[in-house]
Amino acid sequence: MKNHLIAICSGTKGIGKTWLAVNLSHSLALLRKKVLFFDADCGIENISYQLDFNLKNSYHNLLNGSITLNNGIFKYDKGFFDIICSKSGENLLASAPVGRVQVLAKDLFCFSRNYDYVILDCSDDDIKNVNTFINICNLVFIIVNSDPLSLEGAYKKIEKIKKINPKADIKIIINRVISYNEGNQVYKNLLNAAQTYIKTDLDLIGIIRQDTRIRDCVLNKSLLLNRYIASEGAEDMIKISQKILEEL
87 MKNHLIAICS GTKGIGKTWL AVNLSHSLAL LRKKVLFFDA DCGIENISYQ LDFNLKNSYH
147 NLLNGSITLN NGIFKYDKGF FDIICSKSGE NLLASAPVGR VQVLAKDLFC FSRNYDYVIL
207 DCSDDDIKNV NTFINICNLV FIIVNSDPLS LEGAYKKIEK IKKINPKADI KIIINRVISY
267 NEGNQVYKNL LNAAQTYIKT DLDLIGIIRQ DTRIRDCVLN KSLLLNRYIA SEGAEDMIKI
327 SQKILEEL
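Anchor point for the sequence shown: position 112 equals 198 in this note's numbering, and the numbering is continuous, going up by one each time.
Hints listed in this document are in silico derivations from the structure and should not be mistaken for laboratory results. Only true hints are included.
With a straight-line Cα cutoff of 20 Å, these simulated DMTMM-like cross-link-like pairs (lysine to aspartate or glutamate) come out:
no.	residue 1	residue 2
1	Lys99	Glu245
2	Lys142	Asp163
3	Lys249	Asp211
4	Lys325	Asp202
Using the sequences provided together with the hints, build the complete structure.
See below:
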């Protein structure tokens with residue numbers, strides 16, 4: 087069985103990367119896939135804070151080998167998927183010794199065989215330890231919106247990923263656009279830059295339209311497909327998940 091490790095990345099902050107990674111995990115789980123969410127973006131607002139649950143273990147326990155990945159799983163029953171993450175406010179992955187992070191990444195690669203998909207939420211910052219996790223992924227999804235800074239950041243991120251993991255299949259998700267037409271135009275602009283300057287083709291995996299109910303879910307620390315199953319954002323998320331199942 088081929089490992090499906092998907093790194094979720096963006097070139098700038100505030101694109102909606104973590105929200106998308108979490109809700110993509112939920113959407114795939116609802117399609118009867120076994121999914122693990124791995125938090126490789128350990129900032130102040132960790133996923134345990136965003137989804138409002140408490141953890142007993144810390145990434146310190148994983149990095150020093152006192153627990154295994156299997157023991158570090160939090161079963162998120164509201165989303166039907168598993169989570170491995172840090173405590174809220176903990177940022178150990180960025181500062182941990184490189185060797186320990188490399189061992190953890192190798193363990194995660196092997197452990198991923200227990201799942202249909204492993205979704206890794208990766209930091210926007212160019213941190214060597216986070217790049218170690220990108221290096222084990224066979225798929226990288228770049229999240230971008232219509233903001234010129236987002237496009238520029240996404241292009242630079244693609245350049246870096248091509249150096250970090252040349253074998254990775256890079257795909258694009260357009261987030262927070264008014265319409266599919268606007269999303270397709272954003273994709274074409276990014277594709278043209280990638281083809282012209284770094285000779286890289288980029289597939290579009292999906293477009294998520296602006297939806298005020300998404301913000302409501304973020305504020306209420308809830309999943310979109312649980313709270314607003316009939317919303318445009320939920321429709322777009324389901325389309326992306328179905329495309330992943332069909333193509334990957």
